Amino acid sequence: MQIRQGDLLFEKVTHKPSGVFKKAKDNIIEYGEGTGHVHALATPEHAELMVDTGTNLVDYINVLQPAVIGHNTHQPVTLSPGTWVVTRQVSLELRERRTVHYVDD
Numbered sequence: 010m011q012i013r014q015g016d017l018l019f020e021k022v023t024h025k026p027s028g029v030f031k032k033a034k035d036n037i038i039e040y041g042e043g044t045g046h047v048h049a050l051a052t053p054e055h056a057e058l059m060v061d062t063g064t065n066l067v068d069y070i071n072v073l074q075p076a077v078i079g080h081n082t083h084q085p086v087t088l089s090p091g092t093w094v095v096t097r098q099v100s101l102e103l104r105e106r107r108t109v110h111y112v113d114d
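Numbering (this note's numbering), first residue to last: 10 to 114.
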């Protein structure tokens, strides 16, 4: 199952990703670069945001009860219990040989 909210894709998986993770200190999944809007866990008691210690980004969410993800300009989405991987939209600009990270505030 996949759910998109702006530039974030949430994908339900059957196993936890490999790597070294720690529990996030707040309920923010991703900060917007332009407007300061955030993708955030609106029901923090229902899930754990897990941060990759190498990138310091939320890479997966361990959902214990249906959890709502909110954003200032997008409709809220609800994740069902289980493990959800977070993917950020990226575009490759081959002519300029650079990677552009899209931020949909």
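It cannot be assumed that every hint is accurate.
[Unchecked claim] Straight-line distance between alpha carbons at most 25 Å, and here's what the computed BS3-like set of lysine-lysine pairs gives:
(1) Lys21 / Lys32
(2) Lys21 / Lys34
(3) Lys31 / Lys21
The hints are simulated quantities; they were obtained by calculation from the structure and are not laboratory data.
Keep in mind that this is a model prediction, so the values were computed, not measured.
Hints, one by one, checked against the model:
1. Our distance criterion of 25 Å between C-alpha atoms is met by lysine 21 and lysine 32, whose separation comes to about 18 Å.
2. Between the alpha carbons of lysine 21 and lysine 34 the distance comes to roughly 23 Å, so the proposed pair stays at or under 25 Å and holds.
3. A hinted pair counts as satisfied when its Cα atoms are at most 25 Å apart, and lysine 31 with lysine 21 qualifies at roughly 19 Å.
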